[in-house]
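The numbers in the sequence shown follow my numbering, run straight up by one, and end at 188.
In the SDA-like style, the derived pairs of lysine to any residue whose C-alpha atoms are separated by at most 20 Å in a straight line are:
1) 158 - 91
2) 158 - 169
3) 158 - 109
4) 158 - 100
5) 158 - 93
6) 158 - 102
7) 158 - 112
8) 158 - 121
9) 158 - 81
10) 158 - 168
11) 158 - 119
12) 181 - 169
13) 158 - 90
It should be emphasised that the hints constitute simulated quantities derived from the structure, not laboratory data.
Bear in mind the structure is a predicted one, so any value in this text is a computation, not a measurement.
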Amino acid sequence: HFVIVGDGPLRAEMEAAIAVRSLTDRVHLTGLRRDVPDLMHSFDVFALTSLWEGLPRVLPQAMTTGLPIVATAVDGNAEAVTDRVNGFLTPPGDPQAMAAALLRLLEDPILARRMGEAGRRKAGEFSAHRMVSDIAALYDTLLAKLTPASNH
Numbered sequence: 037h038f039v040i041v042g043d044g045p046l047r048a049e050m051e052a053a054i055a056v057r058s059l060t061d062r063v064h065l066t067g068l069r070r071d072v073p074d075l076m077h078s079f080d081v082f083a084l085t086s087l088w089e090g091l092p093r094v095l096p097q098a099m100t101t102g103l104p105i106v107a108t109a110v111d112g113n114a115e116a117v118t119d120r121v122n123g124f125l126t127p128p129g130d131p132q133a134m135a136a137a138l139l140r141l142l143e144d145p146i147l148a149r150r151m152g153e154a155g156r157r158k159a160g161e162f163s164a165h166r167m168v169s170d171i172a173a174l175y176d177t178l179l180a181k182l183t184p185a186s187n188h
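The task is simple: from the sequences and hints, build the whole structure.
Set out below in structure tokens:
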């Protein structure tokens, strides 16, 4: 089964495309969900097909659950996904490359498990504690470079 979480202006188009291809029993559009991390535990792989993206919160969430990732090689995705380590990065707008990467993971459970475990390890880099520590270290570095103001 293929699960698409989220909503947007193309939903009606997607529903029509799914129906025309007689895939309604295998492709599920969930709409907006608040329980996405819980839902991920039933997935085999995670795909993010964005044409542009900051650092989406959903990638570290998927990595925490041990899912191998297939994502487009845009901005923030490349910060979270190391190509061929914890997932695959594909060119944006290339559905054939996305499909090939997804199939590779679905057909090779050992590779999928290895990438999922690597993602789980990397997910720690995106924890709130880690980010606060990194920002504090940056401030310490910047403050150390400041010269004391002269007394006028």
